[in-house]
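Visitor: Sequences listed follow chains A and B, in order.
Letter by letter, the first sequence follows residues 1 to 149 of this note's numbering.
Letter by letter, the second sequence follows residues 150 to 294 of this note's numbering.
It is worth saying that the hints were derived from the structure and are not from the lab.
Model, not experiment: these values are computed from the prediction.
A few of these clues could be false.
To be verified - Pairwise CB distance ranges, derived in the manner of DEER restraints: (1) B/236 to A/69: 27 to 33 Å; (2) A/3 to B/220: 43 to 49 Å; (3) A/28 to B/269: 29 to 35 Å; (4) B/279 to A/45: 29 to 35 Å; (5) B/224 to A/135: 34 to 40 Å; (6) B/207 to A/118: 29 to 35 Å; (7) A/10 to B/224: 46 to 52 Å; (8) A/71 to B/271: 33 to 39 Å; (9) B/214 to A/84: 45 to 51 Å; (10) B/214 to A/144: 19 to 25 Å.
As the list claims (entries may be wrong) - Below 30 Å or equal to it, Euclidean Cα-Cα: the simulated DSS-like pairs (lysine-lysine) are: (11) A/2 to A/47; (12) B/280 to A/135; (13) B/280 to A/117; (14) B/280 to B/236; (15) A/135 to A/2.
Idealized CB from N, CA, C, for every residue including glycine.
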Amino acid sequence: MKSESDPITDDEWLLRRVHYERFRTDTIPLISPNAFEPRLKGRDVDKDGISFYRQACLASPEEILATVPEEKRHEFGIVRVSVALIRSLGFAVESRPDSRVRGHVTIPEMNASDYAKDKAQFIPIKLRLAEEASKETNILRYPQNVPRT
Amino acid sequence: MSTIVHQASGASAYTRYHTSTFPSFESCGWFGRPDDSDHFGKDWSAITDELLRIRNLQDDWDGEGAEAPQIDLVDGAIALAQMLKSKNVAPPDRVHASVNGTVYFEWYSPRGYCEIEVLSPITAELRFVRKGSNTTEVVEFRRQV
Chain A
1 MKSESDPITD
11 DEWLLRRVHY
21 ERFRTDTIPL
31 ISPNAFEPRL
41 KGRDVDKDGI
51 SFYRQACLAS
61 PEEILATVPE
71 EKRHEFGIVR
81 VSVALIRSLG
91 FAVESRPDSR
101 VRGHVTIPEM
111 NASDYAKDKA
121 QFIPIKLRLA
131 EEASKETNIL
141 RYPQNVPRT
Chain B
150 MSTIVHQASG
160 ASAYTRYHTS
170 TFPSFESCGW
180 FGRPDDSDHF
190 GKDWSAITDE
200 LLRIRNLQDD
210 WDGEGAEAPQ
220 IDLVDGAIAL
230 AQMLKSKNVA
240 PPDRVHASVN
250 GTVYFEWYSP
260 RGYCEIEVLS
270 PITAELRFVR
280 KGSNTTEVVE
290 FRRQV
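Only chain B is shown next, with the shape it has when bound in the complex:
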């Protein structure tokens, strides 16, 4: 297993950390497009509803002692969702609270698996594993506030 880390920079509500030649959020093609058949039937409003539900979770929400995500972290996730929607990115196949007080967006496509973990109100990490690969590519993002 190995990891490639790209520190990111760019425009929009969430930006990459530093100047980089790494492709822009919307052009990297990891997420798919709304018209991809893989993502048919998904829509961003359902994702936003799910994030609003996550925003109301309390500590021990799973009965196994997990901490609930902080409200400002979930607000950061909602801002990220709005930014991705504005960039015409396909909605994730799944969004959920993690057992560690963070929020995950997950996409599955023939190209591979992509997830974004919202780590704090202003930071997120995108991780992508191409189909058949054991290498995870990572892009770190920081929200402009």
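If we strip away everything but chain A, and leave its shape as in the complex, we get:
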């Protein structure tokens, strides 16, 4: 297991929580591009960029559910994308330690301020991330016991 202070390398995987609203088994791609939408309002605005967690810093992917109330955890799936993909899109991956979960990082270019100015330019990027996250090998956990339409 890597330390949070270790350099972030291209061969690492970054994990992201995806609520079932954006994670459906009856649609292709399974993961909505909007699973990678920065938060512009609410409790945790993505002012420093959207959050991921370094898999190499975790003993289990489920550790990243620690920031979600226990009664809501079953509503979340967990997907991963590679550091290499993020960097190939021209984005950085910055370590931003969070006392609740190890390995917290952000993509500073996908921040709330820039997203609010021009949502449309982010769509091809969100599509690429969703395509990668929807691969069977990159879905580490499915939401459990949630309503489907």
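Go by the hints and put chain B onto chain A.
Guide: For chain B alone, coordinates are given in the frame of chain A:
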């Protein structure tokens, strides 16, 4: 990445903002048709049910602090769904509440990806990315009330 913005005008419950030569909602072909095999099995009643569920969401519905969409915004989304159905547009592949208090409709087809974000009770923005393109085409719509 680049963006092309079309300001829209036209008839029906949702109209484009200004006079434009941009094609009408139903003729642009971004959404597909109900008889497209891509959309087989989807139906508008399920979408309406989902919107009614979204209408009942409360703040922090996702456990991550997201604000719930305002009821009048969801009512605008329901009006949009009714208009699209009346225009014989294929139902979206997915409809969901966003983390920003808005509502998304999403379509996937061999032509590309199309989404409509309902931004307020009377405004919506359609965004389309053609397959293999890095350009997003945008059409802004305003609801007649």
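Visitor: Each hint needs a verdict: does it hold in this structure or not?
Guide: Quick rundown of the hints versus the structure:
One distance hint, 27 to 33 Å for the beta-carbon pair residue 236 of chain B and residue 69 of chain A, is violated here, with the actual separation near 41 Å. The beta-carbon spacing between residue 3 of chain A and residue 220 of chain B, approximately 48 Å, falls within the hinted interval of 43 to 49 Å. Here the CB-CB span from residue 28 of chain A to residue 269 of chain B is close to 30 Å, well matched to the stated 29 to 35 Å. About 32 Å separates the C-beta atoms of residue 279 of chain B and residue 45 of chain A, a value consistent with the hinted range of 29 to 35 Å.
Checked against the given bound of 34 to 40 Å, the beta carbons of residue 224 of chain B and residue 135 of chain A, roughly 37 Å apart, stay inside it. Between residue 207 of chain B and residue 118 of chain A the beta carbons are some 30 Å apart, a value that agrees with the proposed interval 29 to 35 Å. A beta carbon spacing of about 47 Å between residue 10 of chain A and residue 224 of chain B agrees with the range 46 to 52 Å that was offered as a hint. For the hinted restraint 33 to 39 Å between residue 71 of chain A and residue 271 of chain B, the CB-CB distance of approximately 36 Å keeps it satisfied.
Hint check: residue 214 of chain B to residue 84 of chain A, Cβ distance near 31 Å, so the stated range 45 to 51 Å is violated. For residue 214 of chain B paired with residue 144 of chain A, a C-beta distance near 22 Å keeps the hint of 19 to 25 Å intact. For the proposed pair residue 2 of chain A and residue 47 of chain A, the alpha carbon gap of about 26 Å is at most 30 Å, so the pair holds. Taking the CA atoms of residue 280 of chain B and residue 135 of chain A, the gap is near 18 Å; set against the 30 Å cutoff, the hint holds.
The hinted pair formed by residue 280 of chain B and residue 117 of chain A meets the criterion: a straight-line CA distance of about 24 Å does not exceed 30 Å. Pair hint residue 280 of chain B plus residue 236 of chain B holds up; C-alpha atoms about 24 Å apart against a cutoff of 30 Å. Simply put, residue 135 of chain A and residue 2 of chain A have alpha-carbon atoms about 25 Å apart, close enough for the 30 Å limit, and the pair holds.
In summary, the structure is inconsistent with hints 1, 9 from the numbered list given earlier, while agreeing with the others.
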